[in-house]
Amino acid sequence: MANNVQAIRFKQWLPEWDDFEFDPAQHRRKPEEHILLFSMPAVQLRALSGVYRRTRDNEGGEGLQRLHDPKRSAAIRDFVRFGHPYSGLPVAARDESSAAMRKPGWLPTAIVVNILTEGDRRRGRKVAASDLVSVNCDGDSRAELTLPYSDRLEQWMPTELEPFEVIDGQHRLWAFDEALKDGTLPGDFELPVVAFTGLDVGWQAYLFWSINVSPKRINPSHAFDLFPLLRSAEWLETLSDLRIYRQARAQELTEILYTQPESPFHNRINMLGESSRTAPPGAGVTQAGWVQAITTSFLATGSGRSANGLFAADISAARGPLPWSRPQQAAFLIELWNSIKSAILDRPAEWVEQLIRPQGQDSLDPNPIPAFTGGRTMLNQEQGVRGVLAVANEVFFGLAQIEPDLFEFDTRIQAGGATAPEDVSVALSELAGSELHARIAQFGSTIASFDWRSADAPGLDEGQRLLKRAFRGSSGYVALREQLYRHLAEGPNWLAEISGHALSRLA
Amino acid sequence: MLRSGSNFTGISLKGQTGWPKFQVTHSAGWREMIAPLNQQDKATLALADPAVIVAALTRYRNAAVPPWLSAVNHFPDGVLPTGPVAFGGVSAQDMSELIAVRGPLHAVDGWSYLGRALASLLSGQVHAARHLSYYAELRAGLSILASAGVGIFNRQNAVLDANGDVHIMSRRGTHEMAWLALSEWAARASSIEHLISPIRFAGGSLLDPFQEFFPGGASTAIGELMIEWGFDLQQGLVDRNQRNWSSYQPTALGPILTRPVDDAAFFQMFWQAVRPNGVELERHLLRILLETEARSLNAGVADYEHRYERLQAGTKNVVSFGFLTRVVDAYDHQFLTYLADRAAPAHPYAMLCRAGLLLKLAIGMAEENLRAAGVQPTQHFNDWWQDFGAQQGLWPPGNPPEATVDLWSDIELALEDCAAAPTGHRHEWITALAGNAIRMCETERAALWGLFQ
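Protein chains in written order, with the numbering used here: chain A, 166 to 672; chain B, 6 to 458.
No lab work stands behind these hints, which were simulated from the structure alone. Because the structure is a prediction, the values reported are computed rather than measured. No residue lacks a Cβ here, since even glycine has one placed at the ideal position from N, Cα and C. Errors might be hidden in some of the hints.
Unchecked claim - So the derived list for chain B, only partly shown, Cβ under 10 Å to chain A, looks like this:
(1) Arg205
(2) Ala207
(3) Gly208
(4) Gln397
(5) Leu399
(6) Val410
This is chain A alone, in the form it adopts within the complex (with noise of 0.2 Å):
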């Protein structure tokens, strides 16, 4: 029968891995103890899996759409037609004279797969009774699946959700897209397929870690974006990757706030350490700073007294964290910061006027600017960039609780690669676009009318400079908090109400 394939049926389960821990509720419910191997032709494969959904339309399984780099498909597809060395040659090198190089491309290597069933929810939605793949066992070693369609080479499309997801090989498996539409590789070429049943999303990231990061690791920070799920992994907190994620991380959003020609912080941050008068103009603040202050704040574990960080934390036990990708990061701390600036540039406060124009009598119209970058505002000063980091944290943590769809983007990012500053900045026009985006420039219209002038501006009187010299040093941190949770308080509602909580827990 053409809709029924034959598979072997093995087990792989130890009596003592009957004790470990299985917790629905973090995504790692008991796992089946048999895993079925079969071959599948790649297109049937291809179909069953979903992968002609290119874009993420919202409808897409657990970062299936997440994890293609085309080019990476192309070379994958060139070496299944030519093998080593001719696939690696340039294109205009495959001639006759370099035919005799070409070789068998083989892919023995098993397409890992999770084969839903029928209670599995995937962001809400689930295969549709009729599409779903039943697996009939036939004694202890053999196993039939019935697929929901007969033609072994029609690309088929279901109804609802695809009945499988695939946990390794993506690559392998788009190779095939665009060779099939163009002829290059047949539709029967057949792939060796391991297929789970009903495994839980929390094991299919621990899988993906398992095979792809350990033992070849792969950069573990390119494996947090195509399995979001694991930055809030407790299992990989103990053997120190999620403090290496969130170190690298850390470096890699300094490095593009650094680079990127949208940030305002463009070739303004002090990389090396140096000294004010050697750092670049306007770089207050180190790389080591900034640092610090991503990871205690967007990227802080939640554990203990640590904050839950936006871009580390579960939003919630059913949500796991936030799927974006590190240029998604990158565009928001971006584009939180350019509110900021453009609310100093727009409607300058009047500490922004005291500070630009201490003794009133200037008759020039004065740059606002300084109030942004200048040597006597805390916004270009460590311990700054530390209250404005934690606290648009705090509240923006607290929003995505609240209104998780805010959050949500359709994307044209490719997640899990090397960022280049295109990426980021198609990130901020799809964030600009978004409903999101008019909540960040609330939250920056607002703080940016905080008396930002460190202890040393000129006019201050000396109450004010008490206040502002109690910011500094570790338990300055806090103290600053507290301030900018009342200043923001008396912002639009929806800051107040997450500001109030704020303050209520720091009491």
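Given the coordinates of chain A, work out where chain B should sit on it, guided by the hints.
Below, chain B alone, put in the same frame as chain A:
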């Protein structure tokens, strides 16, 4: 390799006519007085396996601290019997527990000693600064060895092998054995990863960019690299002799003075080199690491520009190819220049920097072992480090920082005030520093942000 000059402007030696009495053994001379390790001890040291230490540390996932040692340990104060027979009878479990805790705890103590050395420097007590710096160095050495599976006790020394079995080494005093064993351990190529990989750099390990240049790994032994970094591990014994002079002779017979203006600059330089998430010192260490490896392949860093291109963008921003090839910023960091100075009498800045580098390595190894054991120091040792900080006066009781890296901002503030303080004479300087004088000496902070990240 270019090195900046090593002439200190901040030292003046009084009573030069009597100075020959201050003659100390130079690095080349110590071997003549101290017998090297015998072959048996070398073979025993080669058995040391940090995996046993990691295994012993796993108990902290479920054991509250304090106490650091389990209730069944027969030596709750860490003092082992001095007799060879009794020492040889210490059980493997007791021994592995004892050696395991010495990794993090010696490192923490070492940073405390270093803080007291800085306080002595600030007070103009240079001999005391030298005395205490040496003890900071020694604690760092003991910590590194413990993290590697080697226990140096009072004339009793033991090694834990891969099976957890205890092997006894010769009866040598702590100071001698510590430096001889460290030098021997460091001569093994396998040691390099243990020592260097915990050094954080641009969001990863210092080894990450190195491995982009040299995927095959480091061919050099850590002992050679330490010398390239300016620290000859055998220098520890020389510094011990220096300590002896400062510890047991009337200081008036060989007074050493530093100037407040130089001390103030030293404080700035030192703290910036050990600040959390800093790259200042690390980028120089990386450059020397790459130079050393390239030289071992009869090449120079300039020959590897294609490999440089593979570095992460963030790394390139802090180490340009021009920097790595010494086209720009050609001289080594002043921390390394001080550290490499082996003039006699040893300058306190040199000894302070030597201790600082060793302690950075020691705390990194200790933290890495704990992590490998599945221990999250910040959480599993929560009560201990919070009490420790309050006890040391780093924060008010019950009000610890949310993250240990926050402890940097107090130092930054103190350094800022220090930069503005007059340094015409020491009384003027200390008076202007007021409370900052103590803050600038609280190097326990570095232990906390190194171990409890």
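So which of the earlier hints does this model not fit? Result: hint 4 breaks, nothing else.
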